[in-house]
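Asks: Here is what each chain is made of, one letter per residue.
Number of protein chains: 2
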Amino acid sequence: MPEPNEPSAALLLKAILRVLDEGSIAALATLTNARKNVGTKILVAESGDAVGSFGDVALDRVVAKRTPGFLESRDEAHLFHVRDFAPELTEWAEASILFERLEPEPRLVICGAGHVGAALARLASLTGYKATLIDDRPDFVVRDRFPDGRIELIAAQNWSDAVREAIGSGRGVSVAVVTRGHNEDEECLRAVIATDADYVGLIGSKRRTNMVLDRLREAGADVEKLRKVHAPIGLDIGAVTPEEVALAILSEMVADRRGGTGGSLSSWRRESELGKGKQVR
Amino acid sequence: MPEPNEPSAALLLKAILRVLDEGSIAALATLTNARKNVGTKILVAESGDAVGSFGDVALDRVVAKRTPGFLESRDEAHLFHVRDFAPELTEWAEASILFERLEPEPRLVICGAGHVGAALARLASLTGYKATLIDDRPDFVVRDRFPDGRIELIAAQNWSDAVREAIGSGRGVSVAVVTRGHNEDEECLRAVIATDADYVGLIGSKRRTNMVLDRLREAGADVEKLRKVHAPIGLDIGAVTPEEVALAILSEMVADRRGGTGGSLSSWRRESELGKGKQVR
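Line by line, the protein sequences give chains A and B.
Under my numbering, the first residue of the first sequence carries the number 1, and numbering increases by one thereafter.
Under my numbering, the first residue of the second sequence carries the number 1, and numbering increases by one thereafter.
Bear in mind the hints are in silico, worked out from the structure with no lab data behind them.
Some hints could be false.
Copies of the same chain are indistinguishable here, so a pair counts whether it falls within one copy or spans any two.
[Stated by the list, open to error] Calculated lysine to aspartate or glutamate pairs in the DMTMM-like style (CA-CA distance at most 25 angstroms, straight line):
| # | residue 1 | residue 2 |
| --- | --- | --- |
| 1 | K65 | E187 |
| 2 | K36 | D21 |
| 3 | K130 | E94 |
| 4 | K225 | D56 |
| 5 | K206 | E76 |
| 6 | K206 | E72 |
| 7 | K41 | E88 |
| 8 | K225 | D49 |
| 9 | K41 | D139 |
| 10 | K206 | E218 |
| 11 | K228 | E91 |
| 12 | K130 | D148 |
| 13 | K130 | D144 |
| 14 | K206 | E94 |
| 15 | K206 | D75 |
| 16 | K36 | D139 |
My request is simple: use the sequences and hints to build the entire structure.
Replies: What follows is the structure, given as structure tokens:
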């Protein structure tokens, strides 16, 4: 068994930490079932840029090229035979590469700790999000209300500053604007729009959210970013209670992040039964 | 102020308890702003059958007739002016009736306490469901794993009996079949199909769920009920982790109960902006 190459291992570890810290996505590829260099790894960013080596430049290159395809799939991990994606590398015909997705914990910033915001923080934390809950009423963001220590609580002196600081680079961050009032919602959305958050949603009726978006547009906010705001926020699940509204919001965020459509997974069954009798597999 | 009519009040209270106990839906209508009998109530079932009286048979009758329309709306409570729905009752022109929805806590029976079932029980409990979690592996349904005491835990000797008993009349009950294996899923679904549960969902791929449904059909299961099974279970939110799968399932259950479509509430915005420039309000 080859000794791990210490300088390379340190380089790789640093690169992994950088990926997680930046909130970007990458794949860690590990050589398995090979006649040599089993366990060597390379880290490949979404762009295809790689750190590390299997000890064969040609193999490094084909694995880096294969990575974006793996990252586009929803798999957390997948074992590929080298012969299936690089038959020309006859030396590695029997070898396999384990691809593993590296992805930071998704983050959720919630502006407003009322009934909907509070329920959203609790559901999101259970679903694997690192939730940050902001309110300008200090007694709404006390630990007593949120025994789950994974939920970060922020009492804002000023909505704009608190929101911008919580969102940071915005990479991997979803934002829900669900404060107690329209003015606060507008103030928060103005601050959120100035960031690069992945997902932004605003609570309210069609009419009310239109008013807010129109006003921000007139004040010179980025039109492209305004267009991407999910308003009214959430999936249409007929939500009535605050907890159901929170569920609708979280489902839309996951669908946005993972690339789902929101419809029923079983709709094909009814469609195919109602439809032209086409074969369903 | 009139004294409450004791025998009527007792009758009404019993009727309310019966409604909640049966898991059916009803409206409680209370007379307000009237010149007499303020605070008198009638309880009206979905069918329009009423218990109690406002002290005026004509008023009792029109309120009972108005109730199904209120129950079809999603409102929890609504105040109606009598003159708006019964202008012929001039004596009550200025009176109002407060309609309040009475509805039992929705129930969720989960067959299988693996990763998805466990996450589903926790999310559902937070969202206002009374969840029952069943497994035939006793150490999967211990209180240590589920500190939330609102989640009912059942170690099944036998899936069929446990499932049938937990579902009961099926009124107001959603069922998720998410066991550890295909054979267990099939055994559970066979028992579930024999009940009158409001919502039934089965986990698995299209191909696998087709096989199970075909086999039950061949064994003589009710075709109409098989058609209503949500399979694969859940909304298409691109769920990857067990917690996200649980979120997709719960969202579909709420959408089914409340009458939502599953799509994004904000889709009208993109459609109208992409579309024919039609006016959006």
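Asks: How would you classify K130 and D144 at a CA-CA limit of 25 angstroms: within, between, both, or neither?
Replies: This pair counts as both: shortest intra-copy Cα distance 18 angstroms, inter-copy 24 angstroms.
Asks: One pair to classify: K36 and D21, alpha carbons no more than 25 angstroms apart. Within, between, both, or neither?
Replies: Neither: 32 angstroms inside a chain and 69 angstroms across chains, both beyond 25 angstroms.
Asks: State whether the alpha carbon distance between K130 and D148 is at most 25 angstroms within one copy, between copies, both, or neither.
Replies: Classified as both; 11 angstroms inside a copy, 21 angstroms across copies.
Asks: What label fits K36 with D139 when the C-alpha limit is 25 angstroms: within, between, both, or neither?
Replies: neither (61 angstroms within a copy, 44 angstroms between copies)
Asks: How would you label the pair K225, D49 (within, between, both, or neither) given a Cα cut-off of 25 angstroms?
Replies: Neither: 29 angstroms inside a copy, 53 angstroms across copies.
Asks: One pair to classify: K225 and D56, alpha carbons no more than 25 angstroms apart. Within, between, both, or neither?
Replies: Neither: 44 angstroms inside a copy, 59 angstroms across copies.
Asks: Between K228 and E91, at a C-alpha cutoff of 25 angstroms, which is it: within one copy, between copies, both, or neither?
Replies: neither (49 angstroms within a copy, 54 angstroms between copies)
Asks: First find the shortest C-alpha distance between K206 and E72 inside one copy, then the shortest across copies, and answer within, between, both or neither for a cut-off of 25 angstroms.
Replies: between (33 angstroms within a copy, 22 angstroms between copies)
Asks: Is it within a copy, between copies, both, or neither that the alpha carbon of K41 lies no farther than 25 angstroms from that of E88?
Replies: Intra 21 angstroms, inter 83 angstroms, cutoff 25 angstroms: intra-copy only.
Asks: Is it within, between, both or neither when you check K65 against E187 at 25 angstroms Cα-Cα?
Replies: Close neither inside one copy (44 angstroms) nor across copies (46 angstroms); limit 25 angstroms.
Asks: Using 25 angstroms as the alpha carbon limit, work out where K206 and E76 are close: within a copy, between copies, both or neither.
Replies: between (37 angstroms within a copy, 21 angstroms between copies)
Asks: Check K206 against E94 for me: Cα-Cα at most 25 angstroms, and say if that holds within a copy, between copies, both or neither.
Replies: Result: close neither inside a copy nor across copies, 58 angstroms intra and 33 angstroms inter.
Of the hints listed earlier, those the structure fails to meet are numbers 1, 2, 3, 4, 8, 9, 11, 14, 16, in rising order.
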